[in-house]
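> Residue numbers (my numbering), protein chains in the order written: chain L, 1 to 190; chain W, 191 to 389.
Be aware that a few hints might be false.
Unchecked claim - Capping the alpha-carbon separation at 35 Å, the derived lysine-lysine pairs in DSBU-like fashion look like this:
#1 W:Lys-294 to L:Lys-3
#2 L:Lys-2 to W:Lys-361
#3 W:Lys-362 to L:Lys-2
In case anyone wonders, no lab produced these hints; they're calculated from the structure.
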Amino acid sequence: MKKILLDIHIYLSLLCAGYMVIYGISGISFNHHWQSSDSEGVRWEATVVVPDADEDQRLAEAVRDRLDLMGWVPFWRLSHPQPDEFVFFVNRPAREYRVHLNQLTGVVQVRETNRPFGAIMGLHGLRNMPNSLWGVTWGIYTEISIWALMFSVLSGIWFWWLRPASRRSGWWLLGLGSGGSLILMLLVVA
Amino acid sequence: MYILIRTVHLFSGLVLAAGLFMYGFTGFVISHQDWFPGGKSDKTTHKLSSEVAARMPAELSPEQAKDWQRQLASELALRGRPGNRSADDGTWIFEYGRPGTNEKLRVRPGSVAVTLTVQSAGFAGIMNRLHHFHGYGGAPRYFLWGLFVDLASLAMIFFPLTGIYLWYQLKKDHRLGWLILGASTAYGAGSVLYMIFGR
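Pulled out of the complex, with its shape left as it was, chain L reads as follows:
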């Protein structure tokens, strides 16, 4: 039994090792409010058949789909600088697209802004992404990694328990460390 659980602990952890490192780096960056610096990317143009849409959000998402861009359209960043002009943004980890649509001609001008470090921060907890099959696989990987983390913690505690020589010192560490953490969680929430 121990050997089976140890093998699962080891190989599941190897499977999710990279994900854990991404989580760790992004966790520190969130905690210290690190921001990814912007660098101007490419500008390009395309022409689309302007979709019929009864509201700006749907129009933006339809144009995004026709341009085959991955990412989300924030609803608070839609604007019409001039009649028949429509500007919106598409955001995804590491990149932002500013899309300017001429609603009469269908000409689209796109300006890309790159945020390389945002790739790591954006992957934290990402479950899926519009127009991205890769996003679906990352969502599956996220789910597996969540289960792997919880299993690794519990199985790790069980492996410790199987070592009588470590129990006394382990109880102190579990009590002070993990016990203290639980008390802190209650203090923060209460």
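Fit chain W to the known structure of chain L by using the hints.
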């Protein structure tokens, strides 16, 4: 060396077990919010009286605003990480945020009457905010929480690295491990690069 690394892996794991499990569990709740109750917040508004607000001057520097905010918190028993701003109508808004609860106090300096709006989330909402609560600002408990987040994040980097060492020392046949580690590393690194350089 193996015994040392294993001991460090085990002992630091015991210290951070609750924290790591919390992040895993709250991450699970966030991913499946529909499965859990209490995802939406309830909002209630209360009209209160405040002697502190009555004494408050209209113009406040940032430091003064923090000080008045502390006094208001003490008088009205408000708890949470503080934030404040002045509104266009001459009122001040003092906020107190903690996982699952946001208390917003609107004060007109010189007036006893204040308005308190409380947004409270249920279980899923608390788990969500607990997972996302970070930074060092506020009362000592929030400073400790910031430290806790850093330690948990460092653990997420540290445990895989020590674990890889332990696997390599423990197992004689590394082929399966290399296959899994290689695939996961390639997928993770490839995903980062795809985000940076992809379409």
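> Now tell me if each hint is right for this structure.
For each hint, the structure was consulted:
no.	hint	in the structure
1	W:Lys-294 to L:Lys-3	54 Å, violated
2	L:Lys-2 to W:Lys-361	15 Å, holds
3	W:Lys-362 to L:Lys-2	18 Å, holds
Taken one by one, the earlier hints fail for this structure only at number 1.
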